[in-house]
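*Asks:* Construct the entire structure; sequences and hints are all you get.
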Amino acid sequence: MSPLSPAGFDAVVVGAGPAGSAAAFALAKAGRSVVIVERGPYPGSKNVYGGVVYGRILDQIDPEWWQSVPVQRWVVRRSTMVLTSSQSVSVDVRSQAWGGPPHNGMTIYRADFDSWLAGKAVAQGARLVCSTVATGLIRDASGRVCGVSTDRPQGELRAKVVIAADGVNSFLAKSAGLYRDSSASHFTLGVKEVLDMDPEVIESRFGLGGREGLDIEALGATGAIPGGGFLYTNHDSVSVGVVVALDGLAASRRRPEELVASFKAHPSIAPYLRNSTLREYSAHLIPEGGYDTMPDLVADGMLVAGDAAGMTLASGLWLEGVNFAVGAGLAAGRAAAAAIEAGDTTAQGLAGYRRQLEASFVLADHMRLRRAPALVLSDRVQGVYNKVLCDLAEQLFTVDNPAPKPGLLTLARRSMAKHGLKFRHLAKDGLEAARTFR
Amino acid sequence: MTADPAGVSFGERMATVEFRVAGNAHITVDADVCASCTTRECVTACPANLFAETADGGILFNYEQCFECGTCYMVCNKEGAISWSYPQGGYGVVFRRG
Chain A
8 MSPLSPAGFD AVVVGAGPAG SAAAFALAKA GRSVVIVERG PYPGSKNVYG
58 GVVYGRILDQ IDPEWWQSVP VQRWVVRRST MVLTSSQSVS VDVRSQAWGG
108 PPHNGMTIYR ADFDSWLAGK AVAQGARLVC STVATGLIRD ASGRVCGVST
158 DRPQGELRAK VVIAADGVNS FLAKSAGLYR DSSASHFTLG VKEVLDMDPE
208 VIESRFGLGG REGLDIEALG ATGAIPGGGF LYTNHDSVSV GVVVALDGLA
258 ASRRRPEELV ASFKAHPSIA PYLRNSTLRE YSAHLIPEGG YDTMPDLVAD
308 GMLVAGDAAG MTLASGLWLE GVNFAVGAGL AAGRAAAAAI EAGDTTAQGL
358 AGYRRQLEAS FVLADHMRLR RAPALVLSDR VQGVYNKVLC DLAEQLFTVD
408 NPAPKPGLLT LARRSMAKHG LKFRHLAKDG LEAARTFR
Chain B
426 MTADPAGVSF GERMATVEFR VAGNAHITVD ADVCASCTTR ECVTACPANL
476 FAETADGGIL FNYEQCFECG TCYMVCNKEG AISWSYPQGG YGVVFRRG
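Those sequence lines, one after another, are chains A and B. Going by my numbering, the residue at position 36 of the first sequence is 43; the numbering climbs one at a time, nothing skipped. Going by my numbering, the residue at position 34 of the second sequence is 459; the numbering climbs one at a time, nothing skipped.
Any given hint could turn out to be false.
Partner residues aside, some chain B positions facing chain A, computed with beta carbon under 7 Å [what the hints assert, rightly or not]: (1) T469; (2) G495; (3) M499; (4) G523.
Quick caveat, the hints were computed from the structure, so don't treat them as lab data. Ideal placement from N, C-alpha and C gives every residue a C-beta, glycine not left out.
*Replies:* Have a look at this one:
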């Protein structure tokens, strides 16, 4: 590596994803020297997401971010769909307010979005070095992290603080011993197809105006494997795929692309995808375990942010990740800058990071929804309620003359009995849902 | 290779993805450990279908079209069978529409 700074940097950030670029932005804004090391040829080249980026946290980077962000479509329709193999029930929410500033959700391509965000850090004075893998942590005599080694010749980078924003596999957080348990049960696999489609076809097919977008999240779409399906619109393509529990996928012996094909063939999905052609196939792991499976976030000389810290929120109702990464990155950058200013970058000196996260949505939401991942992936939520609900809805709207209409309670009892759902299950799960989403 | 209902073969599917193939493999597999494995989760779970069983009970893999997702080593239940790191900087998968 060219002699970036023989004396070292105030901070090295590993990974130019949303967490890393936000951290570097905050450090540079505080006047600190910071380098971002990115293993891909450009930011976002290794990254995949599954639907919607919620942009309001970007207010803290650029108050008019929506003017320059490389958006595909502004999401004005959000559908939550419950499926069986031949039925579906949808809750379809539309708000035109989401179509105008400050917006709510947007669809993006990570290659564009992550590069844009990294550009914000660079404009603030951060240095971005791509095509470089951080291969390990460098520690001083006391064991404190004081830099990273890279796969460049003479590629050691020394710094007062290392921010590991190196993604879901975070070898840096693992090598620092911050993960107590990183077993497969805390992770899901997202598998996605981007299908080319004419913008006019997208707009007429999904009921959208020129820059408007739709996001569908579907439960009951992955057979016996816990997970869900998704479909969202880009400007001239739609992205469709599934997210499945990694251990369930392995045990099922089913192929990931077959699960996507099965979701795409569902009668409620297939008509949306007619005459589209595969543009790009992709897959990525997602840390969906939630608060209880996060690693320690702070070590001497080191902070962990974003997917590296398991910060994706997979709570069923809310499926978010990029915004959590940006929020965590900003907090990490600010905490690191304050610790450097104070001359104490030990774990104690960096403890402001966790306090900031707890005071913001990043850990507040995760702590409040800590029970959600287990509930959402539980057997009845995954494989019974979808059937009960779809049968109930179907029977409710089936006119079976000359028989008179049965009462709603009769229909509910009938549907529950058909699928083996007892009132005590309903009470137990209802209580759990109330505790989870209170 | 299996074809999905849309008629896209797995080879065609993978041809939609850009890979800058490094000279060295970033995945290594311990043939002895894999020979004793009865479950072979990596073979079905890998979204890029990189792992294949051989007639003599071994595991063949290719690293060239790896998404670098980590599924293989995560689902592997044999300690040390799959060693996995990132490809050299600048190489490997390059997503455009991830």
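*Asks:* Against each hint, give a clear statement of whether it holds in the structure.
*Replies:* Checked hints:
no., hint, verdict
1, T469, "5 Å, holds"
2, G495, "5 Å, holds"
3, M499, "4 Å, holds"
4, G523, "4 Å, holds"
The structure fails none of the hints (numbered hints given earlier).
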